[in-house]
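Participant: One letter stands for each residue in the lines below.
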Amino acid sequence: MTIHAASFRELRLDRLSRDFGTHNALKDVSLTIQQGEFIALLGPSGCGKSTTLNIIAGLLPATGGGIWLDDKRIDPLRPEERGFGMVFQNYALFPHMSVNKNIGFGLKMRGTPKAEIERRVAEAVGLVRLQGQTEKLPGQLSGGQQQRVAIARAIVVEPPLVLMDEPLSNLDAKLRLEMRAEIRRIHNTLGATTIYVTHDQEEALSLADRIVVMRDGQVRQVGIPEDLFSRPDHLDVAEFMGFRNKIAGKAASVSGEHATVAIDGAAILGRARNTIAQGAAAHLAIRPEDLHPVAAGSVGLKAQVISTEFRGREFVGFARMADGTDLSFLAHDKLAPGSEVTLAAEPDRVLVYGAAA
Amino acid sequence: MSDTASSIPLSQRLAARGLDGLTLLVVPAILFSLALFIYPFFYGLFLSFNPKAGGALANYQRFFSDSFLYGTIATTLWLALPVTVLTLLMAIPIAFRVRTMKHQRLLTTILVIPITLGTVLVAQGLLNYLGPQGWFNRALLTMGLISTPVKLLHNYWGVMISLVITGFPFTFLLTLSYLSGVDPALEQAGATLGAGPWQRFKHILLPLLLPGLAITFCLSFVQAFSVFPSAVLLGAPAGPTRVISIAAYQAAFEEYDYSMASAVAMIMGVVQLSIVVAVLAARGLLYRGPAGGGKG
Numbered sequence: 002m003t004i005h006a007a008s009f010r011e012l013r014l015d016r017l018s019r020d021f022g023t024h025n026a027l028k029d030v031s032l033t034i035q036q037g038e039f040i041a042l043l044g045p046s047g048c049g050k051s052t053t054l055n056i057i058a059g060l061l062p063a064t065g066g067g068i069w070l071d072d073k074r075i076d077p078l079r080p081e082e083r084g085f086g087m088v089f090q091n092y093a094l095f096p097h098m099s100v101n102k103n104i105g106f107g108l109k110m111r112g113t114p115k116a117e118i119e120r121r122v123a124e125a126v127g128l129v130r131l132q133g134q135t136e137k138l139p140g141q142l143s144g145g146q147q148q149r150v151a152i153a154r155a156i157v158v159e160p161p162l163v164l165m166d167e168p169l170s171n172l173d174a175k176l177r178l179e180m181r182a183e184i185r186r187i188h189n190t191l192g193a194t195t196i197y198v199t200h201d202q203e204e205a206l207s208l209a210d211r212i213v214v215m216r217d218g219q220v221r222q223v224g225i226p227e228d229l230f231s232r233p234d235h236l237d238v239a240e241f242m243g244f245r246n247k248i249a250g251k252a253a254s255v256s257g258e259h260a261t262v263a264i265d266g267a268a269i270l271g272r273a274r275n276t277i278a279q280g281a282a283a284h285l286a287i288r289p290e291d292l293h294p295v296a297a298g299s300v301g302l303k304a305q306v307i308s309t310e311f312r313g314r315e316f317v318g319f320a321r322m323a324d325g326t327d328l329s330f331l332a333h334d335k336l337a338p339g340s341e342v343t344l345a346a347e348p349d350r351v352l353v354y355g356a357a358a
Numbered sequence: 012m013s014d015t016a017s018s019i020p021l022s023q024r025l026a027a028r029g030l031d032g033l034t035l036l037v038v039p040a041i042l043f044s045l046a047l048f049i050y051p052f053f054y055g056l057f058l059s060f061n062p063k064a065g066g067a068l069a070n071y072q073r074f075f076s077d078s079f080l081y082g083t084i085a086t087t088l089w090l091a092l093p094v095t096v097l098t099l100l101m102a103i104p105i106a107f108r109v110r111t112m113k114h115q116r117l118l119t120t121i122l123v124i125p126i127t128l129g130t131v132l133v134a135q136g137l138l139n140y141l142g143p144q145g146w147f148n149r150a151l152l153t154m155g156l157i158s159t160p161v162k163l164l165h166n167y168w169g170v171m172i173s174l175v176i177t178g179f180p181f182t183f184l185l186t187l188s189y190l191s192g193v194d195p196a197l198e199q200a201g202a203t204l205g206a207g208p209w210q211r212f213k214h215i216l217l218p219l220l221l222p223g224l225a226i227t228f229c230l231s232f233v234q235a236f237s238v239f240p241s242a243v244l245l246g247a248p249a250g251p252t253r254v255i256s257i258a259a260y261q262a263a264f265e266e267y268d269y270s271m272a273s274a275v276a277m278i279m280g281v282v283q284l285s286i287v288v289a290v291l292a293a294r295g296l297l298y299r300g301p302a303g304g305g306k307g
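Protein chains in written order, with our numbering: chain A, 2 to 358; chain B, 12 to 307.
Since the hints were made in silico from the structure, they are not lab data.
There are no misleading hints in this set.
Just a sample of chain B residues kept apart from chain A, beta carbon distances all over 10 Å, derived:
| hint | residue |
| --- | --- |
| 1 | F48 |
| 2 | P51 |
| 3 | L56 |
| 4 | K63 |
| 5 | L92 |
| 6 | T127 |
| 7 | P160 |
| 8 | A249 |
| 9 | S256 |
Cut-off 20 Å, straight-line C-alpha distance, at most; resulting in silico cross-link-like pairs (PhoX-like, lysine-lysine):
| hint | chain 1 | residue 1 | chain 2 | residue 2 |
| --- | --- | --- | --- | --- |
| 10 | B | K213 | A | K109 |
| 11 | B | K213 | A | K102 |
| 12 | A | K109 | A | K137 |
| 13 | A | K247 | A | K303 |
| 14 | A | K335 | A | K303 |
| 15 | A | K137 | A | K102 |
| 16 | B | K213 | A | K115 |
Where a beta carbon is used, it is the ideal one built from N, C-alpha and C, also for glycine.
For reference, chain B alone in the conformation it holds in the complex (with noise of 0.2 Å):
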């Protein structure tokens, strides 16, 4: 080390790397997360690889050879994706016109509202309200669209609905909010242009929202991937809709194999991991400077 770095105090040294008397606030959340995810986490990865009996991979070789567990993977999959997707296409264009409205506070408020509520008492609301004998079935009933109820409990439709009530919200929130990151000026300056809102939409504000859109798409689908409430009772939990939490339920809780259990939380962690980092990879791809108009 030369003479003048070696003059130059220790504590001024760190603080030049940015490490000084403030670091030491995130000491806690480094404990916390040490504590509630990390040990855990790893705990898990260990249990997973003791089964109650035959080699390490036992787990994970039974998971795989039985279709009613591995099949799980898809089932969840064709709830989540389509249920992310459908969210997301519903979340645009609607935040598209909350921003320009006066009272958007009001409205963001009426549609976060199911966020607050849970998803189990959704859950309860839907069950009565799509029930056969429910203000659904009934309405189209005397409309005389139908002829017999449609049938939306106790099977995917059902699932997917509450998955989607509860989802848009949060969905809705992230897209408004890099909406909202979005310099109007830009947009004014392709109308000045010629562009109409359709080309406005398509070559300004879409290719500066897909970056959040796509992290937007990891966040939700992540929350239906796991899904379980609604699963249970608004689905098929023994068929149609026996999502891959179910089966780690089972796993644990009926079968008491905590490591089977364990086992399924892995696979499930990896599976949501693989859509995530794809995900990331093809945003790569994007532009993702400010979306802002230069030096404003």
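Bound conformation, chain A alone (with noise of 0.2 Å):
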């Protein structure tokens, strides 16, 4: 393997800043990525991942804060001088040139040789496995052999960076799962640095060595993929992360790592991950699978069945409260709707946090 990634130690966003006149896309966001890494930007829609990477990508002017790469501030560079490469969510192949012309595109701005642009882009082609169709148009290409190209394009000309923008987002579940494991085979091949933008959390999660999680502009928390699936830092990245019940109540007693909350009369026992105020409003967050029907008495959330859904192994529950809040829950038997339901999670599995989250 020849193709290789360009070598510097970090990249440095400080203090990123980008407004759209009175609508503050990002603000001030800061990040540190060593080389070699694979960087998830996750968050919702309009969280400011995609402005972050096209920031990098120089396709978008930063209006505040500033990009290093090692010693050299990059971000008045323009993006061909920039030479990272870019993926881009609708994939972007020149619809007028053959796979290998698409391919070969960047090697050919840089004035590579013709044999050694013939060499490589042949060798990417084996990369991405794309033998066979390299004097096809991108427009007689599956959805999957276009992303395909697009990776190699990106990657062939061996940049320091490689920039994802949802790249399996116009793909179906099967191949996206296909890709997803295409797109880690190649980063662990290349070693090359990658920042790639997404909103699904498991794609995140499966793919990164570090997830940056973004909210309104800013940089939520920043963590492992393990840390960040059992640990979030704030009531809304646990949400994101797919604890999806959240439950209001008010903080009865907290000693140490557990707090206990009172609601509708049960004290529930659960993790601490902020600071609380004892008798302070707080809320509980527990994932739908970590949450299952007890015996009727026991300690737990009471609440009154809306409908279940056969899931093959079990049944997806829906319940809600009598304050109106909404839970979703695993049971392993069908639940008649209108009956009274006792749920409850395991006290590691439920995350509680003060109101300050």
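With the hints as a guide, dock the two chains, each given alone in a separate frame, to form the complex.
Facilitator: Now the structure itself:
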């Protein structure tokens, strides 16, 4: 393998900001990325993740802050001077060029000798497994193949940084899984530093070395997938990471790691994730797959069943509490709509957030 | 016909081929073009082979043996081709600039005003503006750039300038619409791959625009080729700007020879058609697929 990543030590985003008129798309985003890392920028639409990526690529000027590649400030550079590889959401393949020409475009622009272009394009084609398709036009390829061309085109120039903007969002579910594994494999092979934008937490969890969760133009939490999955720092990050049940209550007692929250007469024990003042408002966050029906009379959340859906191995249930809070949970049996149910989760799986979150 | 085919009602079989009740809506359009285009065309064609005197081809023989007549083809081409190329060359960079502008609509409106004014009003304006005592010459004289007024009226240049002014908005609008059809992500992709502005234009935008520019060229050319008002008002209709439509006009309304006029019109049509066919044939060699980035 002769395609390899150009080397640098770290990429530093220093208080990046972007104003669109009165609207702040990005507010003081700072982040340091080490060479070889696979970073996922994760967040709901409008959180500023694509804006961040476009600013790094040079396609959008920042209105504040700077970008540093080691000791070199790169944000004044035009995109063609930065030399980063970018994979676009709609692939942005040149429709009038063959697969070979598309992949070789970046090398041609760099004035690479023809023989070397041919050699490196062939190698990139092999890496993304597109042998035999090289003389076709992009319009003659399937979505997954177009995606591979886009990736090959971005990496063949051996960029120090590969930027990917929701590259899998236009593919169907099966292909998405395949390409996810493919992207990870290519990253492992080349070791190119990658920044990957997605709104799909599963994608981010499975691909990234570190995840940057963004919301409202700000970085909310940076961490390894395992930490973000089980220990989100904020209630909104927890909700986004799949803790879909959010239940309001009052903190009854707090002792170190643990907190008890009084909800509808029941005292629910959970793990405290931030500073919680005794007697103040607090929220529980619980994943639907951790919330199960327990025997009537046990300590838990009382609710009325709205419906249950069969999901193969178990049922997904929907219920509403007396104060109107909707809950979703997993059950082994079908429950009659309208019946009363008490739901509980392992204390370790219950996160408690104080009002500050 | 097989049993299965005949068991399907005729209306459904027609619908499968795209013929249904809605198809009837094109009937007025067909009648309209039959009455106003197809019939007059064949009437004129027929008329042109029935000359006042001589055999069926007498009109055509006369046209191609009289330099005063056949010369009009070259005169008209010598106006229409440079005008078309010039408007296209002006339209491309302006469309590029306008595409990324905030107040695109305002500028587009300003640029389109010459279309709405019509050729005669533009000619009238130019008569004042470009004349020996007009602002243009006086400005140049005052600045000391020239010592005698530049002659821009009643010659080739007057017609040329007015054709560019009236033809440009149309060319510009078409170019802008073709340019807007190119996915902006393609240029961004080109930039991230190291292509500077000129390389992006040369390798990405131009190849995707060329088919559209060919169409624009044809339409603008046909417009310029049928020039009449400005050739009369601003040109020298007896000499350097005696265009082919003037020859047809003179045959019809000065000699009252409708047959000869029809023959001139037919020749005019053939010349236009051959240029258009040549351009479209060249266009057939180009990439003509979508100008977007695949499955978007």
